[in-house]
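**Q** Okay, here's what each chain looks like letter by letter:
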Amino acid sequence: MNRKTKKRLQERINFKLILICVFLLGILFLYWGFVGAQSDAQSTVYYCAERTKSGAWCQNVPLEEIDTNYTSIPTSCEVTDYCKLGVCVNAMEGSCRPNVHKRVCEADGGIWDQRPRDDIPRCQLGCCYVGGSAAFVTQTKCTSLSALYGVEIENFNSNIRDPIQCIASAFPEEKGACVSDDGFLRNCKILTSSECQTVSANSPENTNVEFYKGTLCTAAHLETICGPTEKTKIVEGRDEVFFIDSCGNIANIYDTAKINPVVHEYWDYMIGRADSCALEPDLSNANVCGSCDFFEGSIGKKYERNNPQMFPNPPEYGEYMCADLSCKSGKFAEEFKISFGRWAEQGERWCSNTATNSEYENNPGSEYFRLACIYGEVLSESGDPFRQTICLESEIEIEGQDEGFKTAEFRANQWQDCVLQDNKEDCENTQKRDCGWVVGQTLGLLHYDEDENPLVVNEEGELVPRENEDDERKGAVCVPKYPIGLWFWDTNKTQQHQEQKGAGDICMVASEVCRVKVEKALLGSAKCIENCHCLGLEAGDVIEESTLNNEWVSTRNQLCVSIGDCGVIENYIGKQGYWEEEDLVELIEGKWGE
Amino acid sequence: MYSNEKRGESKIKNKGQVTIFIIIAILIVGLAVLIYFVIPKAETTAVFDEKNPYAFIQACLEDKIKDTVEIISLQGGSIAPEHYFTYNNTNIEYLCYTSEYYITCSIQRPFLIEHIESEIENEIKEDVISCFNALEESYKEKNYNVEMEQLGRTTVELLPKRVVTSFNYVLTVSKAQTDRYDSFSVILNNNLYELVSISNDMIDWEATHGDFDTLYYMTLFSNIKIEKYKQLDGTTIYILINRDTGNKFQFASRSVAWPPGYGEVPVFYE
Numbered sequence: 000m001n002r003k004t005k006k007r008l009q010e011r012i013n014f015k016l017i018l019i020c021v022f023l024l025g026i027l028f029l030y031w032g033f034v035g036a037q038s039d040a041q042s043t044v045y046y047c048a049e050r051t052k053s054g055a056w057c058q059n060v061p062l063e064e065i066d067t068n069y070t071s072i073p074t075s076c077e078v079t080d081y082c083k084l085g086v087c088v089n090a091m092e093g094s095c096r097p098n099v100h101k102r103v104c105e106a107d108g109g110i111w112d113q114r115p116r117d118d119i120p121r122c123q124l125g126c127c128y129v130g131g132s133a134a135f136v137t138q139t140k141c142t143s144l145s146a147l148y149g150v151e152i153e154n155f156n157s158n159i160r161d162p163i164q165c166i167a168s169a170f171p172e173e174k175g176a177c178v179s180d181d182g183f184l185r186n187c188k189i190l191t192s193s194e195c196q197t198v199s200a201n202s203p204e205n206t207n208v209e210f211y212k213g214t215l216c217t218a219a220h221l222e223t224i225c226g227p228t229e230k231t232k233i234v235e236g237r238d239e240v241f242f243i244d245s246c247g248n249i250a251n252i253y254d255t256a257k258i259n260p261v262v263h264e265y266w267d268y269m270i271g272r273a274d275s276c277a278l279e280p281d282l283s284n285a286n287v288c289g290s291c292d293f294f295e296g297s298i299g300k301k302y303e304r305n306n307p308q309m310f311p312n313p314p315e316y317g318e319y320m321c322a323d324l325s326c327k328s329g330k331f332a333e334e335f336k337i338s339f340g341r342w343a344e345q346g347e348r349w350c351s352n353t354a355t356n357s358e359y360e361n362n363p364g365s366e367y368f369r370l371a372c373i374y375g376e377v378l379s380e381s382g383d384p385f386r387q388t389i390c391l392e393s394e395i396e397i398e399g400q401d402e403g404f405k406t407a408e409f410r411a412n413q414w415q416d417c418v419l420q421d422n423k424e425d426c427e428n429t430q431k432r433d434c435g436w437v438v439g440q441t442l443g444l445l446h447y448d449e450d451e452n453p454l455v456v457n458e459e460g461e462l463v464p465r466e467n468e469d470d471e472r473k474g475a476v477c478v479p480k481y482p483i484g485l486w487f488w489d490t491n492k493t494q495q496h497q498e499q500k501g502a503g504d505i506c507m508v509a510s511e512v513c514r515v516k517v518e519k520a521l522l523g524s525a526k527c528i529e530n531c532h533c534l535g536l537e538a539g540d541v542i543e544e545s546t547l548n549n550e551w552v553s554t555r556n557q558l559c560v561s562i563g564d565c566g567v568i569e570n571y572i573g574k575q576g577y578w579e580e581e582d583l584v585e586l587i588e589g590k591w592g593e
Numbered sequence: 000m001y002s003n004e005k006r007g008e009s010k011i012k013n014k015g016q017v018t019i020f021i022i023i024a025i026l027i028v029g030l031a032v033l034i035y036f037v038i039p040k041a042e043t044t045a046v047f048d049e050k051n052p053y054a055f056i057q058a059c060l061e062d063k064i065k066d067t068v069e070i071i072s073l074q075g076g077s078i079a080p081e082h083y084f085t086y087n088n089t090n091i092e093y094l095c096y097t098s099e100y101y102i103t104c105s106i107q108r109p110f111l112i113e114h115i116e117s118e119i120e121n122e123i124k125e126d127v128i129s130c131f132n133a134l135e136e137s138y139k140e141k142n143y144n145v146e147m148e149q150l151g152r153t154t155v156e157l158l159p160k161r162v163v164t165s166f167n168y169v170l171t172v173s174k175a176q177t178d179r180y181d182s183f184s185v186i187l188n189n190n191l192y193e194l195v196s197i198s199n200d201m202i203d204w205e206a207t208h209g210d211f212d213t214l215y216y217m218t219l220f221s222n223i224k225i226e227k228y229k230q231l232d233g234t235t236i237y238i239l240i241n242r243d244t245g246n247k248f249q250f251a252s253r254s255v256a257w258p259p260g261y262g263e264v265p266v267f268y269e
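Taken in sequence, the protein lines are chains S and Y. When you line the first sequence up against numbering that gives the first Met the number 0, it's residues 0 to 593, in that order. When you line the second sequence up against numbering that gives the first Met the number 0, it's residues 0 to 269, in that order.
Hints are computed from structural coordinates only; laboratory data are not their basis. For every residue, glycine included, the Cβ atom is placed at its ideal position computed from N, Cα and C. It is possible that some hints are incorrect.
To be verified - Computed footprint of chain S on chain Y, listed as stretches where at least three residues anywhere in the stretch have a Cβ under 8 Å from a Cβ of chain S:
| # | stretch |
| --- | --- |
| 1 | 142-155 |
| 2 | 206-218 |
| 3 | 227-240 |
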């Protein structure tokens, strides 16, 4: 207890008989906390502004935010003509964008349609085949894509209504050796059959062009000018590392066992990954085998000498090799290793918190975030501010491993109606809310029934009125499991911001009045008679020894901090705030019964 | 005496040294000034080859287009964003926005690719004129008769892996013979088309469902890195990076924002 408070306390109790302790954080009734905020908000009238002062289109905003050069009506944008939401169709491009305001769409030259996207014929999606791959787009978009890729005749299938089916239905044209023989040299390129036909059509008359499906340009029987090399390459859209021939064509997957000495069969025909060398799960043979697989945690990349995490050994030939995509460097990767005994794999996600210590996970300033191992790097993604979303972790079991594959998702923190629950079952119903039932504490409205009888918890975990004065059952309160963050630090904001942040409204829920009865003798010191625990005293103790640094104040503060960013608590990095517990208490004198 | 002579010699020598040092210093400063004023010009001035005016235009406009594309990419598709969030001292345009809490955003730029194309076109307009004027002047200096005609406006197209700027100029030059040049264009290798297409998918998702799952997307597409930064007011900054080329596109969105506490419920009077 600081000297100032002690002195203030003593000065008052020397002359007055009755003390009332009130938590500064607010007044009693929960009702005021929840409804009061809403009634304040009702004083703000919202308009549908065609444009706001900040430049946003079609927003429901208060009068002062409206750009007066544009239309505005004191109603929701949903019911206006100019700001209705619908689908905006780009007739040229063929794209259909949802949730576009009529005004915005028309201003950009689009055609606005109120119907759902699926009901608009020109927004019907189908499968478009371009350049050996497929895209799930509109027919108009397919036409423009075909033009972009230089395909004269578009191939659009409107019967396919599912993107996965569309992608699966794309069978890239098989490639092979396209050999051009001009009588002197036999040149060769790896092309598709149709590409080879184009080459043939554009070649001089004396050049003979032939296509050999599934054959490499290095095939001995083709007798081309292209031969095997030790050089390697990676190809866009493919995970593996490939050999290239002396003409620069892609050959089979990099496999050192096939180059020195040259295994001719390997350089004659195209071989799939299944029949190529097998890459070990720990990538221990990545220097000799290029069968990388992104979904298995590796991908072909240029070798980087200074990146031993991704490339433990240099490749035996060429500049490319399978890179290890598991996460092995950085603070978060190390923490993962310590927690789970292994490095994080490609695609794995897990939860974390900005707090420096798990004790501070829900303290002021902390936020949940999730981490993901992507491409050998741990990337972080924060949840919504003020702990309005929380991160939940789960795992997929992997045979033979103690620790499964981690996954993590954000979910809304369902804290809003915790304090309204008056029984344990409802309070701890995890389907509906994220709350915890705390016995021995009371909260504003739920402290007393309508007749001002204190409420206590019965055997069923429900709050019931206390039967008599000898009833020693305790009260209880339902509080958020993940106390929320509040905008408590900026007192210079506008009234609107004060309403939005609502720190006071929420914190006041945990406020409490403790009436302490004090009796002062004609001669001698004042004695405490009732509720002396609020002053850290026993009944009959002399008031001069009282303190606000007592268990009751501490317990009430614990309740404050379990609601949200209220009360006195260290922040997310363990730094103590400006206030101390006794600063939360206000002493008000009065006569007993007032 | 000897020592005095020596001292006198030494003084003269010192004076000589000081003079040399001063001259060297002046030379260095002069050289620095020369480098400062001449080298940048040498770098930016397109070299004129009378047989290849296309190369002149490419050299004259390439940097400007490159810089413009870079600025636009970092600012959400606009040269001067009107409705933006300032992040790391950069004003980033909101492509999807709602001022309210709990609801999905509405798309603010439905035709982003076309908007970017028009932004680039407007930004380079003056440079295009000055580059073609410079080309005309260069031919005149070499005693050519020059006829230059602008048939239409400059068009910018965002295409897969490239940005193509075509200039509808026809240049006819004659001296001993007459040559006609009419296919002026600058091709910039850039993945802006791909990044903007992905951004459009992300915005559609935000407008329909709310929060976009970047990690899922990155797991599927190995060459794209998406950074996502949530701000206190509910704004999300998305930064898309092509891992292979380093090309970047960033934009702001505010969708299904959560308030501190309970937030405010809008009330309308009709």
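**Q** Now, for every hint given, state plainly whether the structure supports it.
**A** How the hints compare with the structure:
Residue count for the stretch 142-155 of chain Y with a Cβ under 8 Å from a Cβ of chain S: 0. That is fewer than the three needed, and the coverage hint is violated. Figure legend: the stretch 206-218 of chain Y, annotated as covered by chain S; annotation consistent (7 residues with Cβ-Cβ distances under 8 Å, at least 3 required). Coverage of the stretch 227-240 of chain Y by chain S holds in this model, with 6 residues showing a Cβ closer than 8 Å to a Cβ of that chain against a need of three.
The structure fails hint 1 only (numbered hints given earlier).
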